[in-house]
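Undergrad: Spelled out, the chains give:
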Amino acid sequence: MDVIEGAWTWLTTGSNWTGDGGVWQRLGEHLYLTALCLLIAAAIALPVALWLGHVGRGGALATNIAGIGRAVPTLAVLVLLTVSPLGRSELWPTLIALVLFAIPPLLTNAHLGVREADQNVVEAARGMGMSGGQLLWRVELPLAYPMLMTGIRSATVQVIATATLAAIAGGGGLGRIITDGFSTYRTPQVVAGAVLVAALALLVEGALVIAARLLDPMRGRRRRAEPVAAPVPVTATT
Amino acid sequence: MSKGCLAANDWICGEYLRTRGQELTDATIQHVGITAAAVGIGLLVALPLAVLARRWRPVAPPLLALTTVLYTVPSLAMLALLVPILGISVSVVITALVLYSLTILLRNILAGLEGVPEEVREAARGMGYGPLRLLLTVELPLAVPALMAGLRIATVSTIAMTTVGGIIDYGGLGNLLFSGLDSVFKAQVLTASVLCVVLAVLADVLLLGVQRLLTPWTRARAAAATPQSAAATPQTARAA
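Protein sequences, first through last, are from chains Z and S.
If you want the numbering used here, it's the 1-based position in the first sequence plus 704.
If you want the numbering used here, it's the 1-based position in the second sequence plus 75.
It should be emphasised that the hints constitute simulated quantities derived from the structure, not laboratory data.
Among the hints, erroneous ones may be present.
[Unchecked claim] Each pair of labels, with its calculated beta carbon distance range:
| # | chain 1 | residue 1 | chain 2 | residue 2 | range |
| --- | --- | --- | --- | --- | --- |
| 1 | Z | V759 | S | L207 | 32 to 38 Å |
| 2 | S | R287 | Z | V913 | 36 to 42 Å |
| 3 | S | L92 | Z | I914 | 49 to 55 Å |
| 4 | Z | E794 | S | L277 | 31 to 37 Å |
| 5 | S | I87 | Z | V825 | 51 to 57 Å |
| 6 | S | L277 | Z | L919 | 40 to 46 Å |
| 7 | S | T143 | Z | G831 | 38 to 44 Å |
| 8 | Z | W796 | S | V144 | 28 to 34 Å |
| 9 | Z | P751 | S | W86 | 31 to 37 Å |
Virtual Cβ for every residue (Gly too), placed ideally from N, Cα, C.
Looking at chain Z on its own, in the form it has when it is part of the complex (with noise of 0.2 Å):
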């Protein structure tokens, strides 16, 4: 498989990684995006799913946007931004692409965690006289917190695949590194570029995984009622 020795040699060679272009400032432009979108995604998604969750509202809006998310391809968001006139500028198409395609699970997730919430413990937090507002902090939100976490989660391999997609439409990110191989038909760096591409998805999903189990508030607390094949109602991949 010359293909496989040619990414390998792609990937040890030092002059790759380094300077304009290289590994590493394609890395960083991947991890800042990434991690901006969410948070902008995050604070405009939660306060919503959170406050319809918790006043039982909305759930047919939830359902739907899920469904939009999906039935829209990211590709064609982002070429449409890209030849709008907000292409002229880099960043935006890529920034805005990323946020409205994190927003779904985010939104999703967290509104059917809310109000999913057993409605005996939050009916028993409210006869011990629960402001609402203790009620979601103190019951509803520990209790929604294995979904909430699964919505972040399928957020950000979201984020990182649309991120990947934005090399396409003239953004950085390390989707560059595969676009640029084939556009000079450079196989053995397309191959090097997905290796990188699936390794930082993947590393970034197990550490998700890791983080949720230490951060959970109700830790070791939680009735282990989850069954082997949940369906797959809210994630999306691109």
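Guided by the hints, dock chain S onto chain Z, whose structure is given.
TA: Using the frame of chain Z, we list chain S on its own:
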């Protein structure tokens, strides 16, 4: 006004639809073909895997973990990794999409099979059903709603993801997105994007219809269940 919407590079352009009708039709046909092939193969692979994981429990967790790992790999990277194995061909795109749809389908079919009540299984066994007959005439039919829900999600997201195949010229309407991006051709980009969404909505409605036809008993049950859930609403509706 009507003279130059192509020349003016307008977003909406009737002239574009008239002059490039053939190109649009070809791209749509390729799009539908790639999606149908990917989801069809995905279903053919997922169904026996789900049955296997249901029968032989230890297989389930590693199988689900593997598909989750595959699902995490971004699509552009997946295509790029498959190119050296399969060459630049339509099979690269179809294989990548099969791997993604497999995750969704496997989880949903398995959830459907696990949702079959144990009493139902016992009753069938008591009536003398063997394992194969139990699977084919009791368990699989009862898993159809979950399977169809998974199939709808897989189809809709596959239609959206097919566009990325445009990077190697096998992306259906995605090809038009790529060439429209290169030439900043607004009408082409907008038309291709809208067609993708229309395809996704049509496929979803079509599969919903198939689901209704395949599971006539769920409609009767849903109708019977409505008063109950209506009665439960006051409890869940709360003031802020």
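Undergrad: It remains to establish, for every hint, whether it holds in the given structure.
TA: Right, here's what the structure says about each hint:
{"no.": "1", "hint": "V759(Z) / L207(S): 32 to 38 Å", "in the structure": "violated (50 Å)"}
{"no.": "2", "hint": "R287(S) / V913(Z): 36 to 42 Å", "in the structure": "holds (38 Å)"}
{"no.": "3", "hint": "L92(S) / I914(Z): 49 to 55 Å", "in the structure": "holds (52 Å)"}
{"no.": "4", "hint": "E794(Z) / L277(S): 31 to 37 Å", "in the structure": "holds (35 Å)"}
{"no.": "5", "hint": "I87(S) / V825(Z): 51 to 57 Å", "in the structure": "holds (53 Å)"}
{"no.": "6", "hint": "L277(S) / L919(Z): 40 to 46 Å", "in the structure": "holds (43 Å)"}
{"no.": "7", "hint": "T143(S) / G831(Z): 38 to 44 Å", "in the structure": "holds (40 Å)"}
{"no.": "8", "hint": "W796(Z) / V144(S): 28 to 34 Å", "in the structure": "holds (33 Å)"}
{"no.": "9", "hint": "P751(Z) / W86(S): 31 to 37 Å", "in the structure": "holds (34 Å)"}
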